[in-house]
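The residues making up each chain are set out below.
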Amino acid sequence: MAKELSLYVHIPFCVRKCLYCDFLSFYADKSVQERYFEALAKEIRISADSLKDHRVISIFFGGGTPSFPESKDVCRLLNTIGDNFDVDADAEISIEVNPASAMKEKLSDFRRAGFNRLSIGAQSLNDEELKALGRAHDSAMFYHTFESAREVGFNNINVDIMSALPGQSLDSYLDTVGRVIGLHPEHVSAYSLILEEGTPFYDMELDLPDEELDRRMYHETGRMLKEAGYHRYEISNYSGQGYECRHNKVYWRRGDYLGLGLGAASLVDNIRWSNTRDLKAYEEFFRGVPGGDGSFDLKDIRQDVEELDVKSQMEEFMFLGLRLTKGVSKRLFFRNFGRDMEEVYKDVIQRYIDLELLEWTDYSGEDGGEYLRLTEKGLDVSNTVMADFLLD
Amino acid sequence: MDQSKIRNFCIVAHIDHGKSTLADRMIEKTGVLTLREMQNQVLDNMDIERERGITIKSQAVRMIYKAKDGQEYTFNMIDTPGHVDFGYEVSRSLAACDGAILVVDATQGVEAQTLANVYMALDHDLDVFPVINKIDLPSAMPQEAKDEIEDVIGLEAQDAPLISAKNGIGIEDVLEAVVHKIPAPTGDASAPLKALIFDSIYDSYRGVIVFVRIRDGAVKKGMKVKFMATGAEAEVVEVGYFAPGSFIPSDELTAGDVGYFTASIKNIQDTRVGDTVTDSARPCAEALPGYKKVMPMVYCGLYPADSAHYSDLRDALEKLQLNDASLFYEPETSQALGFGFRAGFLGLLHLEVVQERLEREYDLNLVTTAPSVVYKVHKTDGEVFDLTNPTNLPDPSEIDYMEEPIVNGEIMVTTDYVGAIMQLCQERRGKYLSTDYIEQTRAILKYELPLNEIIYDFFDALKSRSRGYASFDYELKGYEKSDLVKLDILINREEVDALSFIVHKDGAYERGRKMCEKLKEEIPRHLFEIPIQASVGGKVIARETVKAYRKDVLAKCYGGDITRKKKLLEKQKEGKKKMRQIGNVEVPQSAFLSVLKLDNTD
Numbered sequence: 001m002a003k004e005l006s007l008y009v010h011i012p013f014c015v016r017k018c019l020y021c022d023f024l025s026f027y028a029d030k031s032v033q034e035r036y037f038e039a040l041a042k043e044i045r046i047s048a049d050s051l052k053d054h055r056v057i058s059i060f061f062g063g064g065t066p067s068f069p070e071s072k073d074v075c076r077l078l079n080t081i082g083d084n085f086d087v088d089a090d091a092e093i094s095i096e097v098n099p100a101s102a103m104k105e106k107l108s109d110f111r112r113a114g115f116n117r118l119s120i121g122a123q124s125l126n127d128e129e130l131k132a133l134g135r136a137h138d139s140a141m142f143y144h145t146f147e148s149a150r151e152v153g154f155n156n157i158n159v160d161i162m163s164a165l166p167g168q169s170l171d172s173y174l175d176t177v178g179r180v181i182g183l184h185p186e187h188v189s190a191y192s193l194i195l196e197e198g199t200p201f202y203d204m205e206l207d208l209p210d211e212e213l214d215r216r217m218y219h220e221t222g223r224m225l226k227e228a229g230y231h232r233y234e235i236s237n238y239s240g241q242g243y244e245c246r247h248n249k250v251y252w253r254r255g256d257y258l259g260l261g262l263g264a265a266s267l268v269d270n271i272r273w274s275n276t277r278d279l280k281a282y283e284e285f286f287r288g289v290p291g292g293d294g295s296f297d298l299k300d301i302r303q304d305v306e307e308l309d310v311k312s313q314m315e316e317f318m319f320l321g322l323r324l325t326k327g328v329s330k331r332l333f334f335r336n337f338g339r340d341m342e343e344v345y346k347d348v349i350q351r352y353i354d355l356e357l358l359e360w361t362d363y364s365g366e367d368g369g370e371y372l373r374l375t376e377k378g379l380d381v382s383n384t385v386m387a388d389f390l391l392d
Numbered sequence: 001m002d003q004s005k006i007r008n009f010c011i012v013a014h015i016d017h018g019k020s021t022l023a024d025r026m027i028e029k030t031g032v033l034t035l036r037e038m039q040n041q042v043l044d045n046m047d048i049e050r051e052r053g054i055t056i057k058s059q060a061v062r063m064i065y066k067a068k069d070g071q072e073y074t075f076n077m078i079d080t081p082g083h084v085d086f087g088y089e090v091s092r093s094l095a096a097c098d099g100a101i102l103v104v105d106a107t108q109g110v111e112a113q114t115l116a117n118v119y120m121a122l123d124h125d126l127d128v129f130p131v132i133n134k135i136d137l138p139s140a141m142p143q144e145a146k147d148e149i150e151d152v153i154g155l156e157a158q159d160a161p162l163i164s165a166k167n168g169i170g171i172e173d174v175l176e177a178v179v180h181k182i183p184a185p186t187g188d189a190s191a192p193l194k195a196l197i198f199d200s201i202y203d204s205y206r207g208v209i210v211f212v213r214i215r216d217g218a219v220k221k222g223m224k225v226k227f228m229a230t231g232a233e234a235e236v237v238e239v240g241y242f243a244p245g246s247f248i249p250s251d252e253l254t255a256g257d258v259g260y261f262t263a264s265i266k267n268i269q270d271t272r273v274g275d276t277v278t279d280s281a282r283p284c285a286e287a288l289p290g291y292k293k294v295m296p297m298v299y300c301g302l303y304p305a306d307s308a309h310y311s312d313l314r315d316a317l318e319k320l321q322l323n324d325a326s327l328f329y330e331p332e333t334s335q336a337l338g339f340g341f342r343a344g345f346l347g348l349l350h351l352e353v354v355q356e357r358l359e360r361e362y363d364l365n366l367v368t369t370a371p372s373v374v375y376k377v378h379k380t381d382g383e384v385f386d387l388t389n390p391t392n393l394p395d396p397s398e399i400d401y402m403e404e405p406i407v408n409g410e411i412m413v414t415t416d417y418v419g420a421i422m423q424l425c426q427e428r429r430g431k432y433l434s435t436d437y438i439e440q441t442r443a444i445l446k447y448e449l450p451l452n453e454i455i456y457d458f459f460d461a462l463k464s465r466s467r468g469y470a471s472f473d474y475e476l477k478g479y480e481k482s483d484l485v486k487l488d489i490l491i492n493r494e495e496v497d498a499l500s501f502i503v504h505k506d507g508a509y510e511r512g513r514k515m516c517e518k519l520k521e522e523i524p525r526h527l528f529e530i531p532i533q534a535s536v537g538g539k540v541i542a543r544e545t546v547k548a549y550r551k552d553v554l555a556k557c558y559g560g561d562i563t564r565k566k567k568l569l570e571k572q573k574e575g576k577k578k579m580r581q582i583g584n585v586e587v588p589q590s591a592f593l594s595v596l597k598l599d600n601t602d
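Taken in order, these protein sequences are the chains called A and B.
First residue of the first sequence? That's 1 in my numbering, and the numbers climb one at a time after it.
First residue of the second sequence? That's 1 in my numbering, and the numbers climb one at a time after it.
It is worth saying that the hints were derived from the structure and are not from the lab.
Incorrect hints may have been included.
To be verified - With beta-carbon atoms standing in for the labels, derived distance ranges:
hint, chain 1, residue 1, chain 2, residue 2, range
1, A, 205, B, 540, 17 to 25 Å
2, A, 370, B, 333, 23 to 31 Å
3, B, 584, A, 231, 46 to 54 Å
4, A, 134, B, 540, 50 to 58 Å
5, A, 331, B, 524, 34 to 42 Å
6, A, 206, B, 204, 41 to 49 Å
7, A, 205, B, 335, 25 to 33 Å
8, A, 212, B, 419, 18 to 26 Å
9, A, 212, B, 584, 38 to 46 Å
10, A, 212, B, 524, 17 to 25 Å
As the list claims (entries may be wrong) - A short list of chain B residues far from chain A (calculated; beta carbon distances all over 12 Å):
hint, residue
11, 204
12, 314
13, 378
14, 526
15, 548
16, 549
17, 555
18, 560
19, 561
20, 563
21, 568
22, 572
23, 584
As the list claims (entries may be wrong) - Taking lysine-lysine pairs in the BS3-like style, the calculated list, with each CA pair at most 27 Å apart, reads:
hint, chain 1, residue 1, chain 2, residue 2
24, B, 224, A, 346
25, B, 578, A, 346
26, B, 547, A, 377
27, A, 17, B, 556
28, B, 573, A, 377
29, B, 547, A, 311
30, A, 377, B, 578
31, A, 346, B, 486
32, A, 330, B, 567
33, B, 547, A, 330
34, A, 346, B, 565
35, B, 571, A, 346
36, A, 311, B, 556
37, A, 249, B, 551
Here a beta-carbon is modelled for each residue, glycine too, at the ideal position from N, C-alpha and C.
Kindly produce the complete structure, drawing on both the sequences and the hints.
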């Protein structure tokens with residue numbers, strides 16, 4: 001059977017940069033965009049050659065703002081993928097959109113091109129908070145986008161919201177959560193704001209909620225969504241039954257994924273790398289002359305290539321897997337590495353079980369067996385726990 | 001070699017007066033090295049010295065100088081440290097010399113340190129001649145400096161060379177003065193070998209490299225030598241001279257020479273600095289006087305951060321002691337820190353230098369406990385013992401009384417800061433003795449100070465309160481009865497023996513309070529709340545709390561960029577490694593030293 005593969009496609013363009021954003025994104029005019037899409041299409045075709053033995057189970061168009069460029073350009077990329085990769089008929093194909101640019105026609109184009117899951121960056125339904133974040137949309141636009149998405153046939157929608165925003169009160173945040181729930185999206189991602197170095201927010205004097213309030217927001221999010229029938233399956237992700245994001249889980253379960261486009265990260269056959277973050281270098285590479293055998297050597301735009309040894313694989317298995325509330329499978333660990341998880345991580349596991357930050361659970365079913373997972377308390381301080389799963 | 005063509009000398013100076021620079025220039029002029037080979041400061045080849053701009057370890061270098069009389073002279077220059085803590089090292093270097101150059105800064109004149117070093121040189125019967133450095137600076141007052149040397153030290157100074165070591169002015173004059181003012185050695189080349197060990201280092205290929213000054217006789221390859229103090233014997237494998245940063249093998253060293261030999265000596269303990277080396281077959285009648293043993297003034301515990309490195313630390317201390325004979329150590333254990341050593345030092349700077357050398361040269365990660373002086377404990381049963389580790393203080397009911405070491409301190413300071421410094425001394429339980437004005441703008445304050453008040457942060461406080469203008473020198477006066485108590489620190493209700501220390505009763509509350517505050521800053525928040533308490537005799541006198549953290553989670557991982565997340569976790573883990581586990585609490589190693597720097601003007 002062909003190996004499973006996921007694809008991530010990076011669309012780095014935005015109408016403007018939000019004040020907290022440290023993702024690889026920027027404004028670009030149409031001619032720059034077109035050159036980029038041309039290069040990206042080439043990258044898709046060339047990459048596919050070496051991955052013929054894989055079948056694609058999920059595709060994710062992220063950004064930037066994939067809804068910012070013209071929809072035909074974006075849809076053409078999806079077609080190119082379809083023409084060059086073996087994409088499962090029931091593959092999960094997501095696209096991130098911003099309410100400011102996700103007009104109904106665009107959404108309709110996306111749906112017809114084959115996208116079957118939509119991720120809407122709402123962040124907040126409070127207009128003042130949106131303004132403070134430097135977002136290009138207001139709450140009315142979000143409602144409009146959501147309704148349009150349903151009308152054009154998206155029946156798997158995620159809504160992104162953010163907590164711990166400058167000046168945000170518990171009430172105003174929970175109001176956003178409540179109103180999002182009222183729309184019945186299939187999936188909700190709720191992140192608390194992180195101040196990243198290099199962003200305008202980092203250097204601004206902001207009235208940020210303290211740790212206590214941040215955690216109350218987090219706990220209340222879980223409670224309200226649970227009451228509404230969602231379950232938390234990852235630290236910041238919630239879904240209705242059967243709507244967990246397949247693509248997202250590939251990252252945490254260490255499935256193979258190929259990142260396409262500027263700065264995109266990949267993991268294939270236990271090798272990690274990232275594409276160059278330099279737009280000019282990226283474009284010029286694909287405009288250049290192919291090598292003697294008529295092909296491009298993609299190594300030239302790939303950076304930070306790391307072949308993961310068994311130690312790194314074990315570490316990743318643990319600290320990535322623990323982001324999922326289901327936890328990490330003892331059986332799978334043994335199957336992958338030929339060693340007992342408890343033997344490798346004896347002291348760490350016991351210490352955090354004693355501190356009630358980790359626990360063992362038994363699951364039935366196909367992927368069942370014993371799993372080690374973070375407790376509710378453990379979720380709040382998960383980095384502390386995960387750091388100790390790095391081996392010396 | 002003809003002894004009349006040999007000059008063995010050292011350079012003494014106050015810190016910053018330009019000793020190392022002068023040494024460099026002399027090496028340049030004598031052409032041992034080309035300009036290109038010269039590192040910036042040839043003699044100071046240890047990293048720490050380079051960074052701090054001070055010379056710690058004495059080293060020797062040989063130069064060939066063609067003098068104006070047409071003769072070629074061999075100069076052996078032995079570098080000496082300039083700080084009071086290293087008085088012992090200065091003394092052993094001096095014993096290998098016949099004369100000394102005194103460097104005086106034309107802008108600063110005679111400083112406290114200058115006096116101390118000159119007197120030490122004169123004590124060793126050395127002929128001393130002065131040179132006036134930094135004459136090219138606008139603020140230079142060479143005549144005043146000369147007068148001061150004559151008035152204060154009593155050395156003839158009117159014909160002292162006027163130089164700028166930095167700009168290479170007057171170096172020839174210094175070289176000529178060495179020829180004419182430093183006496184030639186007067187050993188008996190035909191007598192049995194008698195050589196003084198003034199230093200040694202360990203080399204993993206050659207074993208111990210012994211630095212010697214030959215008084216009588218000669219040492220050559222293949223000869224069997226005997227170390228008189230230890231009785232050890234060894235066959236000489238190599239002899240030679242010192243070049244800057246390297247060794248030049250030769251056939252033999254004879255009376256008057258300064259050089260080195262190796263003899264496949266693996267046991268470091270066999271070669272003691274200050275010992276006399278002689279010919280096994282034809283030993284000399286009696287050993288050279290050697291050096292007087294120096295008593296450590298300050299003790300502290302040295303522990304490997306990772307207990308698995310205990311034996312590495314032991315090996316490193318052994319090797320360090322080889323060329324730092326004033327370093328004393330013995331094994332001890334701590335409940336908080338495990339197996340380690342109690343080490344004795346000449347002063348706090350000496351302690352810091354040793355600590356840094358262990359960390360840099362031996363790549364060790366260390367935890368250092370609070371330095372302690374040596375207290376005399378008089379027990380009710382009449383027993384008297386020296387207390388070097390506060391943890392060993394008996395129950396108060398068994399103690400009749402205690403004595404602490406007192407020093408005579410001299411602080412040279414510009415008159416603007418006399419008030420500030422007097423206040424500092426008062427805070428440190430100082431007893432005022434006198435104020436002497438050297439000139440209109442400078443005074444020497446004399447105080448009696450308890451040693452335990454100056455070993456922590458006195459130097460720092462002195463510098464910060466005088467904007468760097470004060471210098472300090474001290475010597476032990478003796479012991480005095482004092483009202484002392486043991487202050488204990490509890491972290492998460494566990495007593496941390498490594499943080500206990502002896503303090504005067506009146507200062508206990510203040511010190512305890514500050515320590516708790518400092519520890520609160522140093523100890524990172526944990527998953528639980530951590531009380532930090534200071535107690536005397538089981539009674540808590542101060543308390544702080546490190547609150548628990550509530551959140552440590554990365555909300556979002558973007559686009560499968562796992563490498564970034566891993567880096568974050570690695571950083572977090574790396575941070576933990578630098579911590580010391582005390583009960584359930586991770587205490588950064590810096591906490592153990594930071595609590596010693598509590599001066600309240602910071």
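Enumerated hints in conflict with the structure, sorted upward: 1, 2, 3, 6, 7, 8, 9, 14, 15, 16, 17, 18, 19, 20, 21, 22, 23, 24, 29, 31 and 33
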